[in-house]
Amino acid sequence: MALYVLRRLVSTIAVMAMVGIFIFLLLRLAPGDPAAIIAGDTATPEMIANIREKLGLNEPLPVQFAHWAHSILSGNLGISIFTGRPVLELISQRLEPTISLAILTMILSVTIGVTFGILAAWRAGGLVDRTLTALATLGFSVPVFVVGFFLIYFFAIRTRWLPVQGYQPIDHGFGPWLVQLILPTMTLALVYVALIARMTRASMLEVLSEDYMRTAAAKGVSSYSMLFHHALKNAGVPILTVIGLSFAYLISGVVITETVFNIPGVGRLVVDAINNRDYPVIQGVLILASGMYVLINLAVDLAYTLIDPRIRY
Amino acid sequence: MQMQKLAGNDVLLDVRDLETHFYGEESVTRALGGISFQVRSGETLGVVGESGCGKSVTALSILRLLPKLTARTVGGEIRFHGRDLLKLSPREMRQIRGNRIAMIFQEPMTSLNPVYTVGHQIAEAVQIHTKASRSDAMAKAREMLRLVRIADPERRVNNYPHEMSGGMRQRAMIAMALACSPELLIADEPTTALDVTIQAQILRLIVDLKEHTGTAVMFITHDLGVVAETCQRVIVMYAGRIAEQASVTDLFARPAHPYTQGLMRSVPDRRHGRQRRLPEIPGIVPSLREPIVGCSFAPRCPFAIGICREKTPTLRDIGPGHAAACFRAEEVMGG
Ligand SMILES: Nc1ncnc2c1ncn2[C@@H]1O[C@H](COP(=O)(O)OP(=O)(O)O)[C@@H](O)[C@H]1O
Ligand SMILES: [Mg+2]
Numbered sequence: 396m397a398l399y400v401l402r403r404l405v406s407t408i409a410v411m412a413m414v415g416i417f418i419f420l421l422l423r424l425a426p427g428d429p430a431a432i433i434a435g436d437t438a439t440p441e442m443i444a445n446i447r448e449k450l451g452l453n454e455p456l457p458v459q460f461a462h463w464a465h466s467i468l469s470g471n472l473g474i475s476i477f478t479g480r481p482v483l484e485l486i487s488q489r490l491e492p493t494i495s496l497a498i499l500t501m502i503l504s505v506t507i508g509v510t511f512g513i514l515a516a517w518r519a520g521g522l523v524d525r526t527l528t529a530l531a532t533l534g535f536s537v538p539v540f541v542v543g544f545f546l547i548y549f550f551a552i553r554t555r556w557l558p559v560q561g562y563q564p565i566d567h568g569f570g571p572w573l574v575q576l577i578l579p580t581m582t583l584a585l586v587y588v589a590l591i592a593r594m595t596r597a598s599m600l601e602v603l604s605e606d607y608m609r610t611a612a613a614k615g616v617s618s619y620s621m622l623f624h625h626a627l628k629n630a631g632v633p634i635l636t637v638i639g640l641s642f643a644y645l646i647s648g649v650v651i652t653e654t655v656f657n658i659p660g661v662g663r664l665v666v667d668a669i670n671n672r673d674y675p676v677i678q679g680v681l682i683l684a685s686g687m688y689v690l691i692n693l694a695v696d697l698a699y700t701l702i703d704p705r706i707r708y
Numbered sequence: 162m163q164m165q166k167l168a169g170n171d172v173l174l175d176v177r178d179l180e181t182h183f184y185g186e187e188s189v190t191r192a193l194g195g196i197s198f199q200v201r202s203g204e205t206l207g208v209v210g211e212s213g214c215g216k217s218v219t220a221l222s223i224l225r226l227l228p229k230l231t232a233r234t235v236g237g238e239i240r241f242h243g244r245d246l247l248k249l250s251p252r253e254m255r256q257i258r259g260n261r262i263a264m265i266f267q268e269p270m271t272s273l274n275p276v277y278t279v280g281h282q283i284a285e286a287v288q289i290h291t292k293a294s295r296s297d298a299m300a301k302a303r304e305m306l307r308l309v310r311i312a313d314p315e316r317r318v319n320n321y322p323h324e325m326s327g328g329m330r331q332r333a334m335i336a337m338a339l340a341c342s343p344e345l346l347i348a349d350e351p352t353t354a355l356d357v358t359i360q361a362q363i364l365r366l367i368v369d370l371k372e373h374t375g376t377a378v379m380f381i382t383h384d385l386g387v388v389a390e391t392c393q394r395v396i397v398m399y400a401g402r403i404a405e406q407a408s409v410t411d412l413f414a415r416p417a418h419p420y421t422q423g424l425m426r427s428v429p430d431r432r433h434g435r436q437r438r439l440p441e442i443p444g445i446v447p448s449l450r451e452p453i454v455g456c457s458f459a460p461r462c463p464f465a466i467g468i469c470r471e472k473t474p475t476l477r478d479i480g481p482g483h484a485a486a487c488f489r490a491e492e493v494m495g496g
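Protein chains in written order, with this note's numbering: chain P, 396 to 708; chain D, 162 to 496.
A portion of the hints provided could be inaccurate.
[As the list claims (entries may be wrong)] Derived lysine to aspartate or glutamate pairs resembling DMTMM-like cross-links, with alpha carbons at most 25 Å apart:
1) D:Lys229 to D:Asp178
2) D:Lys248 to D:Asp175
3) D:Lys229 to P:Glu484
4) P:Lys628 to D:Asp245
5) D:Lys472 to D:Glu268
6) D:Lys472 to D:Glu180
7) D:Lys229 to P:Asp667
8) D:Lys472 to D:Glu492
9) D:Lys371 to D:Glu492
10) D:Lys292 to D:Glu180
11) D:Lys229 to P:Asp606
12) D:Lys229 to P:Glu601
13) D:Lys229 to D:Glu204
14) P:Lys449 to P:Glu491
15) P:Lys628 to D:Glu324
16) D:Lys371 to D:Asp175
17) D:Lys292 to D:Glu268
No lab work stands behind these hints, which were simulated from the structure alone.
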């Protein structure tokens with residue numbers, strides 16, 4: 396087991412290195428002169444040369460990469476071209492709203508998705524099951540921004556129950572923070588609730604017809620324990636996989652949701668950076684996002700062994 | 162029709178006119194067409210018949226473990242200590258399962274939960290039905306593993322099912338079933354899926370444990386040879402009904418139903434060490450989807466006459482403790 400964790404860590408580092416090379420090349424291999432791209436259409440040759448010098452673009456690629464990687468590993472993600480401020484600082488200022496939204500969305504998606512999926516499998520073909528199917532179809536087919544605008548219209552504009560847009564930092568109070576996040580969280584969670592619930596249902600249905608479930612019933616195990624212990628633990632591996640993937644894909648959903656709800660998070664930062672061609676910021680966010688992605692995958696892989704004793708590496 | 166003689170105080174389980182149906186897309190399968198039998202305290206009752214005759218459905222009907230959506234027990238009574246199990250609430254039924262009536266299944270490889278240790282699964286049964294603490298329940302699990310003769314129970318108790326052989330898993334199943342000292346153990350073909358040598362060991366184990374604990378056993382098998390080794394009384398099932406019911410001695414000495422005779426002719430001779438095969442009686446088992454007119458065995462029966470194709474024979478006494486559902490039982494028995 397310890398050996399497996401070690402091997403898995405080494406391969407994680409290798410993956411991150413590949414991702415690093417890719418992100419690095421993103422800018423350098425883009426067609427045309429990166430410095431000219433960054434400088435924009437109205438730039439003078441001096442401005443371009445200036446940028447070229449600032450980014451170290453005159454050196455050979457491997458040297459550039461070595462410098463770049465070294466500074467990133469020492470915690471320096473570079474300087475924003477547009478604002479002139481350190482990228483790390485820009486990102487960390489925007490981190491709280493994004494992480495709040497992501498975590499709330501995952502908590503909501505996992506609890507509702509798994510519970511819904513279990514109940515749907517338990518009474519397959521019943522009311523819960525059919526509601527779930529309808530909801531899942533909705534979740535998969537309606538774009539995030541449509542859901543967002545619909546919820547804003549209904550719960551904020553029509554009824555005034557909830558605020559329309561914006562964000563309240565958590566140190567201004569837990570209540571206001573949560574109230575501001577309800578609509579964005581619901582918007583973003585819909586598709587993940589659908590995804591997780593469908594996977595839970597399918598996985599549970601398969602398990603419920605297994606011989607060992609009949610054995611458990613023959614022992615006098617209660618319905619609750621049958622579902623939530625005997626079945627869920629067996630159905631856990633595919634459910635965990637889909638939860639891990641959802642969390643990873645959440646990153647793209649966050650961008651749209653933050654735009655719709657005018658939340659000053661990392662998603663908005665990226666959108667602005669793309670508009671301004673602020674490549675260091677884009678790169679910095681990509682590195683952090685892919686780092687998160689790889690870490691989540693690692694955590695999921697390690698969690699498999701806790702769920703299913705047959706998985707050994 | 163019923164053997165009144167058996168209806169004494171020592172009747173543990175009294176099944177009367179049990180009818181179970183399966184509901185398909187367009188058809189209804191009458192898996193049990195009204196069967197009646199009794200299990201007495203401490204006895205071993207054999208239930209034999211070809212595959213598909215309703216043995217498992219009988220067992221699952223008793224414990225009410227049939228698939229909820231497709232199957233239903235539509236008639237009859239299952240009296241356990243005089244109380245009809247069919248009238249119990251789900252909660253009352255759970256208190257019976259694994260506690261007073263336990264069951265072991267045909268497939269040891271898939272009947273244990275792969276994500277829990279064997280010890281956990283045995284201890285769970287104990288904890289559901291007693292107030293035992295976790296550690297007491299685990300101690301009981303170790304004791305049960307020792308009882309079913311699993312070597313090194315201290316270590317095995319922490320094994321997952323996939324770390325055990327098929328024979329060992331079936332022993333663990335038996336340990337789990339007997340952990341709460343049930344009054345009745347239903348064993349549904351517990352050795353069919355095992356190697357021949359392991360089969361004999363498991364049979365021996367069940368017989369020994371039965372003597373040790375005094376549990377009544379309903380032993381389901383398609384093998385009359387196994388019945389001869391383990392049981393006191395037998396019911397022979399055919400197409401969802403009871404064809405014959407007798408003590409083991411009577412059944413082998415004077416089989417009164419042509420179907421029983423057919424089964425006996427196809428019991429393999431173990432001395433030749435051949436793999437046991439399904440009985441070979443010419444003809445096919447009738448479909449249970451359409452109502453059967455006459456005796457369901459008539460199309461395959463060498464004794465069949467006109468009346469057999471018109472009227473359904475009921476189980477009738479043909480001797481002390483011996484009943485058969487055949488119009489010509491006396492002639493069959495005599496000749
Ligand atoms: N899950 C099921 N769905 C539909 N029909 C079933 C099911 N299980 C059993 N049956 C029907 O009940 C009959 C008896 O089955 P079973 O009791 O399993 O036979 P066996 O004597 O081999 O244990 C079968 O012939 C089949 O028609
Ligand atoms: Mg069977």
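For the pair supplied as a hint, Lys371 (chain D) and Asp175 (chain D), is the alpha-carbon distance within the 25 Å limit? Since the Cα atoms of Lys371 (chain D) and Asp175 (chain D) sit roughly 20 Å apart, the hinted pair holds (cutoff 25 Å).
Would you mind confirming whether the straight-line C-alpha gap from Lys472 (chain D) to Glu180 (chain D) stays at or under 25 Å? 19 Å, holds
Given the hint that Lys449 (chain P) pairs with Glu491 (chain P), does the C-alpha gap stay at or below 25 Å? 31 Å, violated
Lys248 (chain D) and Asp175 (chain D): Cα distance at most 25 Å? Answer holds: Lys248 (chain D) to Asp175 (chain D) is near 14 Å, not above 25 Å.
Do the alpha carbons of Lys229 (chain D) and Glu204 (chain D) lie within 25 Å of each other, as the hint requires? 31 Å, violated
Take a quick look at whether Lys628 (chain P) and Asp245 (chain D) sit within 25 Å of each other, Cα to Cα. Cα-Cα ~35 Å, so violated.
Hinted pair Lys229 (chain D) and Asp178 (chain D), Cα distance within 25 Å: 21 Å, holds
Quickly compare the C-alpha distance for Lys292 (chain D) and Glu180 (chain D) to 25 Å and report which way the hint goes. The given pair, whose Cα atoms are some 37 Å apart, is violated under the 25 Å limit.
Satisfaction of hint between Asp667 (chain P) and Lys229 (chain D), Cα-Cα up to 25 Å: 57 Å, violated
Pair hint outcome, Lys472 (chain D) versus Glu492 (chain D) [Cα-Cα no greater than 25 Å]: 18 Å, holds
CA of Lys229 (chain D) to CA of Glu601 (chain P), is that 25 Å or under? 16 Å, holds
Given hint Glu484 (chain P) paired with Lys229 (chain D) - CA-CA distance at most 25 Å: 60 Å, violated
Violated hints, in rising order: 3, 4, 5, 7, 9, 10, 13, 14 and 17; the structure is consistent with all others.
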